[in-house]
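One letter stands for each residue in the lines below.
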Amino acid sequence: KQEVTQIPAALSVPEGENLVLNCSFTDSAIYNLQWFRQDPGKGLTSLLLIQSSQREQTSGRLNASLDKSSGRSTLYIAASQPGDSATYLCAVRKSGGSNYKLTFGKGTLLTVNP
Amino acid sequence: NAGVTQTPKFRILKIGQSMTLQCTQDMNHNYMYWYRQDPGMGLKLIYYSVGAGITDKGEVPNGYNVSRSTTEDFPLRLELAAPSQTSVYFCASSYSLAGVLGYTFGSGTRLTVV
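So the sequence lines, in the order shown, correspond to chains R and B.
If you count the first sequence from 1, position 56 lands on 56 in our numbering, and the numbers rise without skipping.
If you count the second sequence from 1, position 65 lands on 65 in our numbering, and the numbers rise without skipping.
Don't take every hint at face value.
Quick list of in silico lysine-lysine cross-link-like pairs, BS3-like style, CA-CA up to 30 Å [said to hold, decoys possible]: (1) K14(B) x K106(R); (2) K14(B) x K68(R); (3) K57(B) x K101(R); (4) K57(B) x K68(R); (5) K106(R) x K68(R); (6) K42(R) x K1(R); (7) K44(B) x K42(R).
In short, the hints are calculated from the structure, not lab data.
Just chain B, with the same shape it has in the complex (with noise of 0.2 Å):
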């Protein structure tokens, strides 16, 4: 059971290029949730799926874009990337929308944006 796993693990960027972090759970999931963590801050939801075709800004949407096509899969798009998005990005999953039997991370992606 691989659980929630992410790619790359590391990517650095040029200022103004775009990536997509990968985000695939078989845990089958409806709900799926991308979080940013910047040094020494706690983690700051970007967005998040309640299930396959539905999506919704978290705290810190702005830059960032996402699409929920399947279950399993949750990729997080950066346009035009910035040095302020250089973070580590976890992405989760919850089998409820309230965590009733908590959340999954996968490992993260270390992004540095130059």
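Just chain R, with the same shape it has in the complex (with noise of 0.2 Å):
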């Protein structure tokens, strides 16, 4: 059974600093791994997603990288903004057979304080 877990549950940081959220997840057979991030009492907005052919995507501050093999996976924002303040969950879907479904995180509370 596939499980995911990310650290740290919370982290706090001012504004500006460049962080590392992390996922690692048990089973390396996997498709692919979504990042998102949800605001409190708001659904989950998609930031990046990573096949399991590829082993980084950018997207403006954010960057995602993936190490199937050692079932790990880590976000990078850089330079930190208050905006930035949110949950951030990483999912991962299994390869082969009939797994549908995402198996999630139960994510990171990021907080950046002005």
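Both chains are sitting in their own frames, so use the hints and assemble them into the complex.
What follows is the structure in structure tokens.
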């Protein structure tokens, strides 16, 4: 059974700091991994999607890496801003078979202080 | 482009009542999903659909039913609501079952059963 763990559960940083959020998964047979952002009381916004054949994806100040063999992904946020404050979720989709669901981690609550 | 639209945004039900959570997408995605998110937990798949007329159970289907009469709509029905169904419900869709182009989520329905 796939399990996804996100560390840390919460992170508080001053504005301008570069930071890394971690995601690990127990089954390396994944099809892709997706990072989402969730604002309080809101839905999920997709940030980055990494296919299993890719090593990283970048969007603006965000960079996500994937090491499938070790079951790890990181989300790097450069020059953090108060507007980055949110919960960040990673989710993996297992490859093969009829397993169509995403397995989510519990998220990292990020607070960027002005 | 509205994406995935969920209604209502909030609802309070009494134990034993029934209701339908609505979900509509305008991206012509064949694949649609219902997830629930409990506090401090990752999202769990309730039901999914691979196309009009085809649905299947996810991880936590008990107490719920779905239908998919059109590509656009994927309503979730709660029969005999119980306090354990208090949660935030998210509808999602994807272009492919593998989510090659990622998943799009609605903004959620916050349900409280009292």
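For each hint, the structure was consulted:
Proposed proximity of K14(B) and K106(R) is supported: the alpha carbons are some 29 Å apart, at most 30 Å. With a C-alpha separation of about 46 Å, the suggested pair K14(B) and K68(R) falls outside the 30 Å cut-off, and the hint is violated. Annotation: proposed proximity of K57(B) to K101(R) holds, straight-line Cα distance about 10 Å (limit 30 Å). Between K57(B) and K68(R) the CA atoms are separated by roughly 28 Å; this keeps the pair inside 30 Å, and the hint holds.
Distance hint between K106(R) and K68(R) is fulfilled; the C-alpha atoms sit about 20 Å from each other, no more than 30 Å. Distance check on the hinted pair: K42(R) and K1(R) sit about 29 Å apart at the alpha-carbon level, within 30 Å; holds. For the given pair, K44(B) sits about 17 Å from K42(R) by alpha-carbon distance, which is consistent with the 30 Å threshold.
Comparing the model with each earlier hint shows a violation of hint 2 alone; every other hint is respected.
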